[in-house]
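Using the sequences provided together with the hints, build the complete structure.
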Amino acid sequence: AQSVTQLGSHVSVSEGALVLLRCNYSSSVPPYLFWYVQYPNQGLQLLLKYTSAATLVKGINGFEAEFKKSETSFHLTKPSAHMSDAAEYFCAVSIPSGTDKLIFGTGTRLQVFP
Amino acid sequence: NAGVMQNPRHLVRRRGQEARLRCSPMKGHSHVYWYRQLPEEGLKFMVYLQKENIIDESGMPKERFSAEFPKEGPSILRIQQVVRGDSAAYFCASSPGRKETQYFGPGTRLLVL
Numbered sequence: 001a002q003s004v005t006q007l008g009s010h011v012s013v014s015e016g017a018l019v020l021l022r023c024n025y026s027s028s029v030p031p032y033l034f035w036y037v038q039y040p041n042q043g044l045q046l047l048l049k050y051t052s053a054a055t056l057v058k059g060i061n062g063f064e065a066e067f068k069k070s071e072t073s074f075h076l077t078k079p080s081a082h083m084s085d086a087a088e089y090f091c092a093v094s095i096p097s098g099t100d101k102l103i104f105g106t107g108t109r110l111q112v113f114p
Numbered sequence: 001n002a003g004v005m006q007n008p009r010h011l012v013r014r015r016g017q018e019a020r021l022r023c024s025p026m027k028g029h030s031h032v033y034w035y036r037q038l039p040e041e042g043l044k045f046m047v048y049l050q051k052e053n054i055i056d057e058s059g060m061p062k063e064r065f066s067a068e069f070p071k072e073g074p075s076i077l078r079i080q081q082v083v084r085g086d087s088a089a090y091f092c093a094s095s096p097g098r099k100e101t102q103y104f105g106p107g108t109r110l111l112v113l
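Chains as they are written, first to last, in the working numbering: chain A, 1 to 114; chain D, 1 to 113.
Just so you know, these hints were derived from the structure itself, not from any lab.
One or more of the hints may lead you astray.
Below, simulated BS3-like cross-link-like pairs (lysine-lysine); rule was C-alpha separation at most 27 Å, straight line [what the hints assert, rightly or not]:
| hint | chain 1 | residue 1 | chain 2 | residue 2 |
| --- | --- | --- | --- | --- |
| 1 | A | Lys68 | A | Lys49 |
| 2 | A | Lys49 | D | Lys99 |
| 3 | A | Lys68 | D | Lys27 |
| 4 | D | Lys27 | A | Lys49 |
| 5 | A | Lys58 | D | Lys44 |
| 6 | D | Lys99 | D | Lys44 |
| 7 | A | Lys58 | D | Lys51 |
| 8 | D | Lys44 | A | Lys69 |
| 9 | A | Lys49 | D | Lys51 |
| 10 | D | Lys44 | A | Lys68 |
Which stretches of chain D does chain A cover? Using the computed rule of at least three CB atoms under 8 Å from a CB of chain A, they are [stated by the list, open to error]:
| hint | region |
| --- | --- |
| 11 | 44-53 |
| 12 | 91-98 |
| 13 | 102-108 |
Interface residues of chain D toward chain A, partial, derived using beta-carbon atoms under 10 Å [unchecked claim]:
| hint | residue |
| --- | --- |
| 14 | Gly3 |
| 15 | Val4 |
| 16 | His31 |
| 17 | Tyr33 |
| 18 | Tyr35 |
| 19 | Gln37 |
| 20 | Glu41 |
| 21 | Asp56 |
| 22 | Glu63 |
| 23 | Gly73 |
| 24 | Arg78 |
Ideal placement from N, C-alpha and C gives every residue a C-beta, glycine not left out.
Spelled out as structure tokens, the structure:
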């Protein structure tokens, strides 16, 4: 079975500081990995996805994530936080040979202070 | 190109009533997924449908819940005899095909009194 663990349900950073949101996965086969962002009372928006090509994936809004098989991790980073980055971030996994269902972590709420 | 549409955005039901949630996928998308988000939790997969077919319903509760995606019209998630534990946000996502990105709607927030 596949699962996702997001360490830290809340992360707070100052504007301009590095953003690091952690995601570890468990999968018996090479997975696809995703990061989604959710703003209050809205649906989820895809930030980036890994589908077995380059291990460093660049997404929208300056975010990127690196797939590290040896660490079973897919941490999300952004060099400099903006106030507009405050939101809930979800890491998700799916199995390429499966039915495309996404298995989500419990989310990390990012707060950005001025 | 309009995004995924869900209605209603908010739905209030009393225990024992029925709830019908609608999802209109993006134009050209024939794959629909339903997820449920309980308070303070991540999204949980419920069901995956293509036009007129249920592909994967491994996340659907065995009783009271059903889903359809007819040839014409939106996908419907139906909850019969709702209970307070059904209170959650229900999200629909659509994609144009297998292994394609899923685009999410704004969700329907169901409150059961």
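Exercise. Hint by hint, work out which the structure violates, then give me just those numbers in ascending order.
Key: Violated hints (numbers, rising): 3, 7, 22, 23 and 24; every other hint is consistent with the structure.
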